[in-house]
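Residue numbers (the numbering used here), protein chains in the order written: chain H, 658 to 981; chain B, 658 to 981.
It should be emphasised that the hints constitute simulated quantities derived from the structure, not laboratory data.
Worth double-checking, as some hints may not be accurate.
Because identical chains cannot be distinguished in the list, a pair is counted as satisfied if it fits within a single copy or across any two copies.
Straight-line C-alpha distance at most 16 Å; calculated EDC-like pairs for lysine to aspartate or glutamate [claimed, not checked]:
#1 Lys-669 to Asp-903
#2 Lys-690 to Glu-798
#3 Lys-794 to Asp-685
#4 Lys-952 to Glu-721
#5 Lys-690 to Glu-680
2 protein chains.
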Amino acid sequence: MNLLQIYSRMKKDIAYVERRLEESVHTDHAMLKETSLHLMKAGGKRIRPVFVLLAGQFGRYDLERIQHIAVPLELIHMATLVHDDVIDDADTRRGQLTVKSKWDNRVAMYTGDYIFAKALMVATQLTDPRIHQLLSKAIVEVCVGEMEQIRFFFRTDQTLRDYLLRIKRKTALLIAVSCQLGAIASEAPDDVSAKLYRFGYYVGMAFQIRDDILDLTGTEKELGKPPGSDIRQGNITLPVLYALNDPVIRSDLLAEIARIQQLDGQTDVTPFLSMIRNGPYIEAADRLSARYIDKAIDSLSGLPDIRAKKDLIDIAHFIGNRSY
Amino acid sequence: MNLLQIYSRMKKDIAYVERRLEESVHTDHAMLKETSLHLMKAGGKRIRPVFVLLAGQFGRYDLERIQHIAVPLELIHMATLVHDDVIDDADTRRGQLTVKSKWDNRVAMYTGDYIFAKALMVATQLTDPRIHQLLSKAIVEVCVGEMEQIRFFFRTDQTLRDYLLRIKRKTALLIAVSCQLGAIASEAPDDVSAKLYRFGYYVGMAFQIRDDILDLTGTEKELGKPPGSDIRQGNITLPVLYALNDPVIRSDLLAEIARIQQLDGQTDVTPFLSMIRNGPYIEAADRLSARYIDKAIDSLSGLPDIRAKKDLIDIAHFIGNRSY
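One chain only, chain H, in its complex shape (with noise of 0.2 Å):
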């Protein structure tokens, strides 16, 4: 079973959602029309879209409705990755130029801003306001998180408590409210949605670890921009953990993240590339993230045996494995 097949299922619905994304964002003002849809052709999985749709089957399902929360939380996570392109300085995303790069900072930064309150226009049509309540805390948080990963650039004492709680506030949360949100605009009972959000929560955090470990581990080609990306920009991921309390790596690597980190990531970092492949950190990360899948897996017991749910389960599987 693959992505594909689940996606395919759910074309319709899917595709609907994709057409009101784009309408979403329509605005007399070419720039910004200009520059929204450029990140909507730039793609993604739509996971988060996929999550509330089929959170939404543990309820009572209206399209109509849930697209109101479906298309706001697309449209969140789009216009946090506009501004982390400026923070990051990135060139390209999924192969693509950044806005950043096409246009220029200001700009990246006011179309953030713009499709950010867009996703409240458009949640707004829902008046429960448990919803309303619930996103912004998430947001909030997600906030917290932007200003925190900043902080911890090239920080090489951190902990793994320090890099779980940067990858829920970066990925996990929105994934999480997502399932729960689907849910709630649903009408299904609060049990469920509270499963539900803790689905994602699990299923949030494997994404985020085999993305990180992907940076460490792919091509070019398969991840749209070079590997090393994030140690370039300081961000030290699992792996790197894992090979940090490694007595025998250590002190290399320690020499190896500051002389990265002493060209401001302008440099060739195969060696460090070579330093955490050759070692047994890739396969701890994954262990870590198979377990967050397992825990995912678990969260859905006692929930009705509806189609979703076997859909779910089979997403969570293939994000436990996928390779790119």
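Based on these hints, arrange chain B on the given structure of chain H.
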């Protein structure tokens, strides 16, 4: 009558909002706390909260309820200022170092995102969906305006209409919405909130025109930043537009603006300031501002003659004449 006297009558309530403002950005994250409180302490006239409180007196005034409007509106205003400082490359605002100059651009961007998110979180404590719909719509327009202002930098071919639409989005809308939502959150009748919206809109237009005039006529001590900041970043304001329409001065002024643009604003702008100050352009801009104040006050006719109405009129007059 001056603003301080009006404020002094509302001192207790304003102090309460101020406390809630500070609490609203509270976070365990040391740097975000520092940047947010730095912004808080930079002060400002808190004109949006004051309008919310006054508008609230046209309904069932409940401070605890309407602070959930007053606080977010001031926070949203602050968030746009931080992001604008990134774009404007401003080192000081109100005589204080800006976040982007005390820290850096990425800290300023994320601080803005964070404050904005907190604004939403506070607002979601109110459950009337109209509030969120009106607020998010206004924010979208503000964002479009942010982008729009970039497009018009140094554009000497822009029309009066371009300028007015820009200051509407930049300033008048959020002030209009402050008045409107203060009334709505206090369950004032629809025609009352509509009148207050119009009042806020006209006052906001006059406010920004005065602001633009002061940047041309004020001293560094009065402004907390050097005069001529607008033209240095390419912002063509009302008196300049009037001057550009004067055939006597037009070609000299075009040459001077071209010179400033060529030097990226890094030049003495005294010649430019003299050209504007020595003609009737400031006066003409003042007249338009005064007309907006008249319209603002007209908008209040038909509202009950409570103390808040008199205060709104006094504030409008104050704004029409303010020299700082």
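How would you label the pair Lys-690, Glu-798 (within, between, both, or neither) given a Cα cut-off of 16 Å?
Classified as between: cross-chain Cα gap 14 Å, same-chain 28 Å, threshold 16 Å.
With 16 Å as the alpha-carbon cut-off, assign the pair Lys-952 and Glu-721 to within, between, both or neither.
neither (31 Å within a copy, 42 Å between copies)
Within, between, both or neither: Lys-794, Asp-685 at alpha-carbon 16 Å:
Classified as between; 15 Å across copies, 31 Å inside a copy.
16 Å Cα threshold - placement of Asp-903 relative to Lys-669:
neither (49 Å within a copy, 60 Å between copies)
Copy assignment of Lys-690 with Glu-680, given that the CA separation must stay at most 16 Å
Within one copy, since 10 Å is at most 16 Å while 37 Å is not.
Going down the numbered hints, you'll see the structure goes against 1 and 4, while the others check out.
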